[in-house]
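Protein chains: 2
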Amino acid sequence: MRRRLLLVSNSTLYGGGYLQHCQEQIATFFGLHIKRILFIPYALHDQDSYATTVTEKFQSLGYEVDSIHKALNPVEAVRKAEAIFIGGGNTFRLLKALYEKNLVSEIRKRVLQDGVPFMGSSAGTNVATISIHTTNDMPIVMPPTLGAIGLVPFNINPHYLDHDSSSRHMGESREQRLTQYHEEPNTPSVLALREGSMLLVEENKATLLGSTRARLFARGKPATEYEPGADLSFLLSGESWL
Amino acid sequence: MRRRLLLVSNSTLYGGGYLQHCQEQIATFFGLHIKRILFIPYALHDQDSYATTVTEKFQSLGYEVDSIHKALNPVEAVRKAEAIFIGGGNTFRLLKALYEKNLVSEIRKRVLQDGVPFMGSSAGTNVATISIHTTNDMPIVMPPTLGAIGLVPFNINPHYLDHDSSSRHMGESREQRLTQYHEEPNTPSVLALREGSMLLVEENKATLLGSTRARLFARGKPATEYEPGADLSFLLSGESWL
Chain A
463 MRRRLLLVSN STLYGGGYLQ HCQEQIATFF GLHIKRILFI PYALHDQDSY
513 ATTVTEKFQS LGYEVDSIHK ALNPVEAVRK AEAIFIGGGN TFRLLKALYE
563 KNLVSEIRKR VLQDGVPFMG SSAGTNVATI SIHTTNDMPI VMPPTLGAIG
613 LVPFNINPHY LDHDSSSRHM GESREQRLTQ YHEEPNTPSV LALREGSMLL
663 VEENKATLLG STRARLFARG KPATEYEPGA DLSFLLSGES WL
Chain B
463 MRRRLLLVSN STLYGGGYLQ HCQEQIATFF GLHIKRILFI PYALHDQDSY
513 ATTVTEKFQS LGYEVDSIHK ALNPVEAVRK AEAIFIGGGN TFRLLKALYE
563 KNLVSEIRKR VLQDGVPFMG SSAGTNVATI SIHTTNDMPI VMPPTLGAIG
613 LVPFNINPHY LDHDSSSRHM GESREQRLTQ YHEEPNTPSV LALREGSMLL
663 VEENKATLLG STRARLFARG KPATEYEPGA DLSFLLSGES WL
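These protein sequence lines map, in sequence, to chains A and B.
Per this note's numbering, the very first residue in the first sequence carries number 463; after that it's consecutive.
Per this note's numbering, the very first residue in the second sequence carries number 463; after that it's consecutive.
Each hint should be verified, as a subset may be incorrect.
The list cannot tell twin chains apart, which means a pair is met if one copy fits it or any two copies do.
Unchecked claim - SDA-like mimics (lysine to any residue), calculated; alpha carbons at most 25 Å apart, straight line:
id: 1; residue 1: 563; residue 2: 615
id: 2; residue 1: 563; residue 2: 604
id: 3; residue 1: 558; residue 2: 632
id: 4; residue 1: 563; residue 2: 648
id: 5; residue 1: 519; residue 2: 630
FYI, nobody ran anything at the bench for these hints, they're computed from the structure.
Next comes chain A alone, as it looks inside the complex (with noise of 0.2 Å):
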């Protein structure tokens, strides 16, 4: 397998502009070789704009962006993919969009066989997993399965957030959420991405990167915490799915 995915948790880091928190981790994971991006907008209304924003920041890290909306053939424009980055939005809208465009499988098979480098953001690391059963967004609209692309065998929260112990909110924290998650038959470990954070994966080896720590819901199992840098590797073992 010559995968090679960055999954990233949030586009914008407080202070910061759009990537720029990750802008060091995107440049060494395209490299040199890499000249032109194909770009998946699909997570937001306004695709025009959103393409503009995604366009600019590549520019300035040296890569050339292709809108996949603006494709006559998606399916085609996956085909001929040098590289992929999804980003994020809402991410039944945009997975809905992925299973009415056929691009779930194509994608699927350009990184996992053909080995093009894949990136996500948010929503587009929430459809590069299993499935989008943990994602935080609203279901504004209805894919057909909530079963994704299924480049790693494990689910992610993005944005990860702590509880809050001075709110006087009291609706469901994340930990319980993701708790409520693995009550049901058969669920898998998610990892928790807190803003800031991302993850490496090249082939069989998973690293933690980024400026926070994530931390891992495995069912029946108390919650741990890993450390930027930690190798995570064992959460894609097992993968005879594939």
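Position chain B relative to chain A; hints supplied.
Frame of chain A, contents of chain B only:
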């Protein structure tokens, strides 16, 4: 139409006990003639414990509780119910169970045709509306559709939370999420109920009750605020779909 509904934003208000903040409204709503309430606990995993909490609270108000999870035939339990209460928890899990047990149309019929008083709280309020597209919950399981019981022709967002400008978290605010909902075609109005508020519906009259304001998001219009006591009957107009 003999509809009578009490749709509560949240089961527990900061600093209070279970359903304490709305106990006067509950007693007024069910009144003296109702003796037994059918409780639907499907939104939480531990239904025995949930039924105990609810039974104790309603007994303190003078009502006996039958929890539907103890019934041999849930459809029959709904057919015989004097009154119905659906409690909070995970909205996706709740709606999935209601469909699996063939209760959605049965509850609709009992409430809209037979005039059985219906109370919902949090997830129980979400499923009472036209759909659960504006739930805050994590999609830990998938119901066959997000279409819900449809006791009112609009959506509710319970536990509505104003944006905290001091927060450093970069996930979408509730207002942004609801605005994204209205970017999608043919989406109905969303009544956002802050914690502490509830909606009383009596036939074709809707009134905001409780201690906090509600915010109404209507497609293509600026959001508007309503004070407790406000007449929101206009939300019930155009119910030709019933």
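Self-check item: Numbers of unmet hints, in rising order
Solution: none
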